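Below are the chains, spelled out letter by letter.
Protein chains: 2
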Amino acid sequence: MQEEERVFNFSAGPAVLPVPVLKKIQEELLCLPGCGASILEISHRSKQFGEILAQAKANVRELLGVPENYKILFLQGGALTHFAMLPMNFIRNTNKSGNYLVTGNWSKKSASEAKTQGAVKVIWDGKEEGYVRKPTDSEINITDDAAYCYFCANETIEGIQYQSEPNVSVPLVCDASSEIFSRPVNIEKYGVLFACAQKNVGPAGVTLLIMRDDFVEMSGDDLPSMFSYKKLAEKDSMLNTPPTFGIYVTKLVTDWLKEQGGLKAMHERNLEKAKLLYDAIDSTDGFYIVHGNKEYRSFMNVSFRTRDEELDKKFQEEAKALKLTNLAGHRSVKGERASIYNAMPREGVVALRDFMLDFAKKNA
Amino acid sequence: MQEEERVFNFSAGPAVLPVPVLKKIQEELLCLPGCGASILEISHRSKQFGEILAQAKANVRELLGVPENYKILFLQGGALTHFAMLPMNFIRNTNKSGNYLVTGNWSKKSASEAKTQGAVKVIWDGKEEGYVRKPTDSEINITDDAAYCYFCANETIEGIQYQSEPNVSVPLVCDASSEIFSRPVNIEKYGVLFACAQKNVGPAGVTLLIMRDDFVEMSGDDLPSMFSYKKLAEKDSMLNTPPTFGIYVTKLVTDWLKEQGGLKAMHERNLEKAKLLYDAIDSTDGFYIVHGNKEYRSFMNVSFRTRDEELDKKFQEEAKALKLTNLAGHRSVKGERASIYNAMPREGVVALRDFMLDFAKKNA
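Sequences listed follow chains F and U, in order.
For the first sequence, the numbering used here assigns the number 29 to the initial residue and increments by one for each residue that follows.
For the second sequence, the numbering used here assigns the number 29 to the initial residue and increments by one for each residue that follows.
Do not rely on the hints blindly, as some may be mistaken.
When chains are identical, the list treats them as one kind, so a pair holds in a single copy or across two.
Capping the alpha-carbon separation at 16 Å, the derived lysine to aspartate or glutamate pairs in EDC-like fashion look like this [unchecked claim]:
#1 K136 - E157
#2 K258 - D241
#3 K341 - D249
#4 K362 - E296
#5 K342 - D283
#6 K51 - D283
#7 K362 - D264
#8 K217 - D241
#9 K143 - D250
#10 K124 - D283
#11 K258 - D313
#12 K259 - D241
#13 K286 - E56
Simulated from the structure, these hints should not be mistaken for laboratory data.
This one's a predicted model, so the numbers in the text were calculated from it and none came from an experiment.
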């Protein structure tokens, strides 16, 4: 009965989770098998939680093809905390700089937080164009003092996405919060790939970091324990009590991703879901306007608007009545945003597509 | 059926939660009423989550009698993060010091983390006595440059607890992780009272901070956003996505505490539960040895041991067979520890007491 009440939830984050995962959490909530207690109640030092953490890490390693010289960490604080911790560990008290590609709200915020810690060089900024695209490789000029090149793989708010990693001469540091596990990546190009969980992985309160060993080693020794990646990595994410429930959900979601065929299969499905919406949009003769340039359109966050704000409001209200919810765009770009993460079923996207076509016809 | 499989879980944290709370989480897990989605899937900016956060804060304010000139924050990072963030905000780049009362593992760790940020003066240290007691008021000499006096209300590992707050001339900063909501407190003595959730409040991944406005204002402006209490307080714990699920559980646990009659009623019940165990221990002619001095015994964490480690091991194995679990003491003090937080039912304590008496008789 509960399942019948469920809507198609297009929230940008915290966002939709796979129903089989939610059912599993529900089923085990009073008693994790073999435990006699809830996952919420067991020690992070218990055998059972140790197995969950190990399996979550193994799943991440398998799904993303993470080589052995990278650590996999489940930390707290959300992306915003790591926007500061990354430069705190890698450029503070050095003569190195962080090179930043600013392509939207999230990379802009990251560069801004980094400035409290050391030399930040914004080597490309899409602001004047209105954050509608990513830089091409030839536009990226890495500075001689660069410790890393930072980019945001998918700008959740603007709905623009890199088709592939920037080709640069230094390791990449990447915020993949809103696209992790949506497609295969070539981890070896990265010094650090990180993502808050609440978009494509699990609940809010867990941040996944995949960090190459030399970056772990670069971390500051003089920092408080919880701010040093080296100290966090040495204790395998258990320097203090980690967010155990969030790690458990991450384990279940990554189990589910493996059952779905892994990231290549997810990528195909994600591209097809996004195409359903973009094709509908492009068929309406400009009734819907996509925020980003065509070749940088995100397959995770479809950011669009109609000709005016009143009509956008009407769109969102009518959609909600059809159980298509949380379609309001971010306040900085307005209009609509449909977040169609891994866990959004195709039928949800089809229902939205059908409504969009119908709404366009009635309000042209 | 699940409920029948449940054990009496004496874990020090993450720890037992009230069964009615677990059942409510389970019931709502696929669909939060009026939401069409799980609490795990809804935006922190949604109306529904806004109501949960507001109610959680109102519950904390009511239960602890928090005056209006204190902010209530739900942050991430666990106590260990705040061990560093408190001095980072209150003594770094000032000519003030933090005065620390070191009474066990947790206050020791806190002073150690604080030293990375500024002047830390350990004004009392129980190390030589083996961390068996708290200082008396006459032993506490606050320095002229003190911004605050730091103490740990209940040392979880050693099982020793302040009977009442130290009487000092400066505001108190208190780690109440393992005793918050176990008894009424006089908040007006505190600059900051903080607690990680996973002992007496909710799941791991939420840290509750109650902070007087002048402490909020004292916070560093030059810090990264997530490290500045001022910036966190200005956004009412929503500077970025907060740990929404943990806050939801905190709301449910504090609802439950109110139904139980509030903190005065909980305190009476907690004292009575602890007395059951300590009376049994004291009746065994030294078969069980309590770690702390009698007048400082904790009513939350009963830390004791038998005459040797082999017998301790046997104790824990036999207890486990009776569904009395997670009784191993912390590696630094060994022996046994029974954590009997708010959510541990009296019948669990009685079952443990009966087993302890029986075990003592058979192994005397």
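Quick rundown of the hints versus the structure:
| no. | hint | in the structure |
| --- | --- | --- |
| 1 | K136 - E157 | within (14 Å within a copy, 53 Å between copies) |
| 2 | K258 - D241 | within (9 Å within a copy, 35 Å between copies) |
| 3 | K341 - D249 | neither (52 Å within a copy, 38 Å between copies) |
| 4 | K362 - E296 | neither (29 Å within a copy, 54 Å between copies) |
| 5 | K342 - D283 | neither (39 Å within a copy, 38 Å between copies) |
| 6 | K51 - D283 | within (14 Å within a copy, 25 Å between copies) |
| 7 | K362 - D264 | neither (41 Å within a copy, 24 Å between copies) |
| 8 | K217 - D241 | within (13 Å within a copy, 46 Å between copies) |
| 9 | K143 - D250 | between (19 Å within a copy, 10 Å between copies) |
| 10 | K124 - D283 | neither (40 Å within a copy, 51 Å between copies) |
| 11 | K258 - D313 | neither (54 Å within a copy, 49 Å between copies) |
| 12 | K259 - D241 | within (13 Å within a copy, 33 Å between copies) |
| 13 | K286 - E56 | neither (21 Å within a copy, 27 Å between copies) |
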